[in-house]
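J.: Here are the chains, one letter per residue:
Number of protein chains: 2
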Amino acid sequence: MKIREIGEFGLIARIKKDWPASFPQIFQGIGDDAAVSSLLPGNDLVSTVDLLIEDVHFELSWITPQQLGRKSLAVNLSDLAAMGATPRWMLISLAIPSRLEVQFIDDFCAGLKSLAEAHGVSLIGGDTSSSPYRLFISITLLGEGKKESLLYRHGAQPGDDLYVTGTLGDSILGLRLARNRKGQSPSPQERFLLERHLDPAPRLEVGKTLAEKRLAGAMIDVSDGLLADLAHICEESRVGAVVWAEKIPRSEAFRALVPGPAGEGWKWALRGGEDYELLFCSPPEKAPELHAQAKGWPCGITRIGRIEPLAHGVVIRDEKGPIDPSRLKGYDHFSAAIRSDRKGLPPGRARRSGFKKAVGERK
Amino acid sequence: MKIREIGEFGLIARIKKDWPASFPQIFQGIGDDAAVSSLLPGNDLVSTVDLLIEDVHFELSWITPQQLGRKSLAVNLSDLAAMGATPRWMLISLAIPSRLEVQFIDDFCAGLKSLAEAHGVSLIGGDTSSSPYRLFISITLLGEGKKESLLYRHGAQPGDDLYVTGTLGDSILGLRLARNRKGQSPSPQERFLLERHLDPAPRLEVGKTLAEKRLAGAMIDVSDGLLADLAHICEESRVGAVVWAEKIPRSEAFRALVPGPAGEGWKWALRGGEDYELLFCSPPEKAPELHAQAKGWPCGITRIGRIEPLAHGVVIRDEKGPIDPSRLKGYDHFSAAIRSDRKGLPPGRARRSGFKKAVGERK
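Note that the protein sequences, when read in sequence, are chains L and E. If you read the first sequence in this note's numbering, its first letter stands for residue 2, the second for the next number, and so on. If you read the second sequence in this note's numbering, its first letter stands for residue 2, the second for the next number, and so on.
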């Protein structure tokens with residue numbers, strides 16, 4: 002059965018179905034002109050929005066509807082994780098091609114709900130429309146926290162240690178695998194990398210603990226690639242940094258499958274986006290408490306560098322010395338079409354940080 | 002200059018440009034993983050989202066970029082007006098075809114900003130992407146109010162008078178004019194109707210006063226057409242209603258230009274959507290205070306009917322008696338393509354209420 006056969010009312014009924022009816026903090030959910038909800042006393046509102054577009058951020062041939070539902074929320078959850086905030090409510094805008102099957106929406110919603118429930122997020126509003134061509138998903142995620150305890154991009158101090166959770170570069174490899182699969186069954190390593198791209202796990206517990214225990218000075222999630230996201234911290238904190246390339250954490254699957262000589266692997270891990278790990282800095286005197294906390298985090302943390310004074314700039318070093326930054330550029334999907342060196346760069350490698358990025362850091 | 006020539010960073014810089022740097026209630030605006038803002042003490046959060054899609058809700062051949070910017074926010078402001086809430090912050094998702102001119106975005110943002118400034122709304126976040134084909138705009142508007150003072154769709158009582166602000170039906174006529182213009186200069190009446198469709202004025206002051214002075218029991222904005230929106234109030238309040246067709250307020254321009262015999266004009270006014278007027282009910286004993294307040298509202302208010310007990314149903318009466326409801330159906334743009342009686346129905350007549358509508362009211 003196609004979406005156009007059930008109409009908009011039928012569609013909305015399916016999307017709304019099976020969400021918990023109400024939470025203590027929701028006074029009016031779906032079903033009025035706007036939702037009404039309450040923050041806990043003394044808390045501030047934390048808001049973020051992310052857009053996922055068919056054939057820009059994903060292709061329906063290689064992501065399942067459930068994965069897409071989960072990922073649509075995961076990218077937002079990762080933003081709140083990077084603030085150390087607690088997610089609460091979401092609003093969803095869905096523009097859906099009427100050629101899609103109703104089953105697609107049911108599966109998409111099942112995925113969305115599974116991740117929402119895991120993190121205590123309720124759906125409080127939305128808008129739907131038919132789409133002339135492509136599927137468009139925009140989710141606004143609202144959360145809360147105390148503004149003075151949250152973690153920002155500013156706040157890094159020279160001398161701070163630089164840490165990252167989990168491993169980097171898996172997602173970009175997973176994307177390549179997803180695009181190049183020809184129906185063959187993936188190996189366990191390939192499956193790991195695919196999952197890292199298609200179903201990323203936002204680091205909410207880590208983010209919240211770092212904020213509440215004041216173990217970090219500045220934090221960001223790695224969505225555009227370590228290099229680009231570190232640049233945001235450095236710009237907003239008015240500091241420089243050094244990253245030790247060989248310290249960049251790479252998974253076993255990454256090490257096994259990355260193309261080129263093993264020593265070059267860190268470049269993929271440095272440039273690949275959509276890792277949804279947390280990059281943060283922490284004063285050395287907090288290291289014992291930080292590492293004690295980190296024992297409870299399955300993703301783990303790795304010290305990859307140090308915050309330096311502004312004049313130092315951002316320097317990536319490998320065993321031979323500093324790396325030429327021009328070899329490590331990011332990706333701009335608006336300009337991709339007219340830049341010959343970007344031709345063939347896959348969909349899915351679009352920037353994820355939108356307005357959140359500071360403007361002007363790319364010279 | 003095309004969007005693709007300035008890239009995503011250039012685009013974001015243009016969108017962010019010239020917004021007020023900070024407001025007292027904004028602790029962190031654009032430029033971090035999420036925005037952090039504070040409600041006034043004792044206030045609750047009011048949230049809504051609306052989606053506008055090229056060739057579904059508008060065509061670029063008949064709406065200017067400035068009008069589109071204003072309307073993208075206006076439809077959201079109207080939702081907060083219908084709650085009696087105060088708008089504060091917005092987040093915007095923009096998927097932009099790279100074929101568009103940079104000037105288009107500058108003009109769109111100028112329009113958006115002009116309406117935002119008029120209502121004290123700040124941009125605190127967003128996401129942008131290229132779009133393979135069409136322009137997609139999703140705006141999340143956040144506001145505040147006290148949950149016990151806000152106005153909902155429930156709360157209507159039998160015996161309440163039913164009122165609407167302004168005039169109805171102008172927008173649907175304006176849409177038809179917009180679609181059928183062949184470059185000729187519009188008459189003053191046509192210009193009025195076009196403006197009513199392309200640049201609607203959300204009734205925030207009316208909504209807020211009704212809520213704060215407790216002059217209304219239930220309220221909704223007229224986005225899907227009076228009939229559909231009244232059905233929401235009746236369903237949520239578990240009441241019926243009578244509407245006196247001849248009382249439905251119609252503008253001079255509407256009366257002059259509406260096709261068909263004059264006596265049939267109210268059907269257009271009843272069914273046409275996107276009026277963005279407020280429909281509310283008020284106990285008769287509050288009428289003197291209500292009318293005293295209404296003297297300060299340029300849009301005016303008109304009593305068009307009465308709330309009845311549930312068993313009465315929703316009845317529209319003209320001078321000959323009750324109208325057959327099947328003659329007054331709404332529009333579902335998902336099903337439009339396969340319903341022969343809907344063929345030719347123009348873009349721009351898509352439903353605007355999304356998830357806000359109750360499910361199941363169309364039998």
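These are computed hints drawn from the structure, not numbers from a lab. Heads up, some of the hints might be wrong.
The list cannot tell twin chains apart, which means a pair is met if one copy fits it or any two copies do.
[To be verified] Below, a list of computed lysine-lysine pairs in the DSBU-like style, where the Cα atoms sit at most 35 Å apart:
1) Lys18 with Lys296
2) Lys17 with Lys268
3) Lys147 with Lys17
4) Lys287 with Lys183
5) Lys148 with Lys321
6) Lys17 with Lys148
7) Lys3 with Lys17
8) Lys268 with Lys248
9) Lys18 with Lys147
10) Lys147 with Lys3
11) Lys3 with Lys268
12) Lys321 with Lys147
13) Lys287 with Lys321
14) Lys18 with Lys248
15) Lys3 with Lys287
16) Lys214 with Lys148
17) Lys183 with Lys148
18) Lys287 with Lys214
19) Lys147 with Lys214
20) Lys248 with Lys3
What you are looking at is a predicted structure, and each value in this text was computed from that prediction instead of being measured.
J.: All hints, please: hold or fail.
T.: Status of the hints after comparison with the structure:
no.	hint	result
1	Lys18 with Lys296	neither (39 Å within a copy, 44 Å between copies)
2	Lys17 with Lys268	between (43 Å within a copy, 32 Å between copies)
3	Lys147 with Lys17	both (31 Å within a copy, 26 Å between copies)
4	Lys287 with Lys183	neither (49 Å within a copy, 70 Å between copies)
5	Lys148 with Lys321	neither (43 Å within a copy, 62 Å between copies)
6	Lys17 with Lys148	both (32 Å within a copy, 23 Å between copies)
7	Lys3 with Lys17	within (18 Å within a copy, 40 Å between copies)
8	Lys268 with Lys248	within (12 Å within a copy, 71 Å between copies)
9	Lys18 with Lys147	both (33 Å within a copy, 28 Å between copies)
10	Lys147 with Lys3	neither (45 Å within a copy, 42 Å between copies)
11	Lys3 with Lys268	between (44 Å within a copy, 32 Å between copies)
12	Lys321 with Lys147	neither (44 Å within a copy, 62 Å between copies)
13	Lys287 with Lys321	within (31 Å within a copy, 82 Å between copies)
14	Lys18 with Lys248	neither (46 Å within a copy, 39 Å between copies)
15	Lys3 with Lys287	neither (56 Å within a copy, 50 Å between copies)
16	Lys214 with Lys148	both (14 Å within a copy, 33 Å between copies)
17	Lys183 with Lys148	neither (49 Å within a copy, 54 Å between copies)
18	Lys287 with Lys214	within (10 Å within a copy, 54 Å between copies)
19	Lys147 with Lys214	both (13 Å within a copy, 33 Å between copies)
20	Lys248 with Lys3	neither (50 Å within a copy, 42 Å between copies)
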